[in-house]
Amino acid sequence: MKPELIHGSRSRILAGAILAIAAVFVIRLFYLQVIQHGHYVDLAQTEQVKRERLPAKRGEIYALNDTTPVKMVLNETIYTVFVDPVVIIESGESEVIAKALKEIAGGNVRDGFETQLTKKDSRYQIIATRVTRTQAEKIKAKEFRGIGFQAVAQRVYPEGQLAAQVLGFVNAEGVGNYGLEGFMNEELAGVDGRLETVTDISDVPLTVGDRNIRVPAQNGKNIVMTIDRNVQSKVEQALAAGLKRSRATDASAVVMDPMTGRVIAMANLPTYNPADYYKVTDAALFNNATISAPYEPGSDVKTYTMATAIDKGVARASDTYYNTDSIKVDDRTIGNAVLGHTGVISFQTALTWSLNTGFVTLAQRLGDGKQITRTARDTMYEYFHDRLGLGQLTGVELANEQKGIIISPNQPDGNAVRYSNMSFGQGLDATVMQVSAGFSSIINGGNFYQPTIIDGYITDEGSYQKAPLKPPVRKSVVKATTSSEIKEMTHIARSMFPGIDKPGYYIGGKTGTSQVIRNGVYADDETIATYLGYGGSDRDHPEYVIMVSIHGDHRVLGGSTDAMPIFTDISNWMLGYLKIQPKGR
Amino acid sequence: MSPQNNYYVSRRQQNYSRNQNTTRFQSAVKLGPVAHTVLVVLMIIVLGLIYVTQATRTTGYDYEAQKIDSQIAEYNEQKSELEVEKARLTALETVKNSSVAKEMTTPSSTQYVQE
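Chains as they are written, first to last, in my numbering: chain A, 2 to 586; chain B, 7 to 121.
Derived by calculation from the structure, the hints in this document are not laboratory data. Remember, it's a predicted structure, so these values are computed and weren't measured experimentally. For glycine and all other residues, C-beta sits at the position ideal for the given N, C-alpha and C. Among these hints, one or two may not hold up.
To be verified - The calculated label-pair distances, taken between Cβ atoms and stated as ranges, are:
id	chain 1	residue 1	chain 2	residue 2	range
1	A	24	B	34	37 to 43 angstroms
2	A	218	B	91	22 to 28 angstroms
3	B	48	A	90	52 to 58 angstroms
4	A	103	B	67	39 to 45 angstroms
The whole structure should be built from the sequences, with the hints applied where relevant.
This is the structure we're talking about:
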């Protein structure tokens, strides 16, 4: 017979009670572990899982040293040293710490940091900034309590001020401003990664659980510029010498390859050191005037007018007109800056002596021969704006490029008087970059190349990937014969200054002197002097285009006296640097 | 052997098959239900421990991986520092002001040889 508890016995009651208690535990456990499973898993995740941003390394920027990329902008990790004064006071080591910090990071500690070490009411004080890794390691080795380090990435510019406005700078938030840093900020910044993982008490990531996420950072692209640092340095030197010689206040220059649109040098003075951008008080220093400061280009544009007339078949270099040193357009009289070449003269003479009357005459010949008709204005607008790019963004990969202004003949202001002024480079605004790019297309046979500052990229593995050369944006902007004739004309114009160029080379150019507009009128006491030219071994092989612009507050500067010497200095140096062989004498 | 502890049950008594000369040894020692339960629980615990140690074995490698990661980061930082130093030493201004550059002079003339 099977023994069993008597119904109603105390043992049976006890068994029932124990069962009931056990049931409570089981139900509670079921509730906690099954019903509330998600809630406690989330709590555990919040407690155990560490979420960390994996910062992407900002891309470096290279220039060329002839054909080899060299670093212009790199990254460096520096440290901010902070302390917990309460801990330091407790440790009683404040004097020892102060002495050690002075010895190791003397130049980087803040003034009066000793008092910060013993500030009783504070738990966080920054006592040193921009401390190098070596200095930080030395401080860490002392094992002081209450000292912490915060790593900060910083851009380094080993070349100092070289090409400052081309490069731009990175601000404290890590955002690129101006120049290439600004324009290519997204590509340079990369994409931060993400780490979500269970960690132990020491924050060591553990491979437990299936919710770990690791998205690696995508480092920024390393960009190689077309800028040659040797040419850049020479151009900046030449500009500095020119500023001193002319007692001017600012100067700019662009050197580019007319056959590809590659920008070899781009300089502006005065300049600044991008590493010390925060010390700059005048924000105008950040601007790259060659792309951001449109101005009236002046007589350089006479090459555009001449090219238009030749291309349309209305004039040749040897064609003539009657010069009286002034010409009437509607109710305005336009005069020459250089007087005396009156009578029947050729357009070559007009270009050589920069006679405004010659170019107004060309504008008239684009019309009916007497007036700058709508047809003439349409033609000039088509060549200047549509074909040669004046008044349009060039698309060069730099921040803050400005368009400039060319008034269309459709607008009321696009009248004969304006277009007569435009024929000799006034009445329109364009940048140095636009004028250089348009001129390059005139002298290279008629292909307009988009100016570019990017030569290629360096991969993470360190190999150099050159970007493929881009085809011309517009072909046949002028005919090849027009191109040859303009080169010849500008070469002859330059021959007026014998002995300035290295013998055996083919150099040509045009001076420009444009008045500055002040309060809506042309000022008589201030000009911008420019020189636009090219050089190579012979007429068919132009190797470079250089444009120089120089200006001084209340200074009357001349294209031939102030800008041309800078061009000549750079041009003669380029012939040697590029190892261009002379072809003839 | 004592016949009380060990006895043989002839299979011949249990089976009707012929030529079955097999015997079964049956121990007189028997485990009760409590002992069985305890043994089963112990076995489950041991298996559970084995599972936990195997499942978390990889976690032990995380500490090694962390050390190696820290070393890699350290070397990368050293490499970056050296690159910055190299860039500073090969900068144009540094080269121009070097003692080697100071000894150089500008050529007085350049001649080209015709190919």
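How the hints compare with the structure:
For residue 24 of chain A paired with residue 34 of chain B, a C-beta distance near 40 angstroms keeps the hint of 37 to 43 angstroms intact. The beta-carbon spacing between residue 218 of chain A and residue 91 of chain B, approximately 25 angstroms, falls within the hinted interval of 22 to 28 angstroms. The given range of 52 to 58 angstroms is respected by residue 48 of chain B and residue 90 of chain A, whose C-beta atoms sit roughly 57 angstroms from each other. The hint said 39 to 45 angstroms for the Cβ distance between residue 103 of chain A and residue 67 of chain B, and at roughly 44 angstroms that hint holds.
Violated hints: none; the structure is consistent with every hint.
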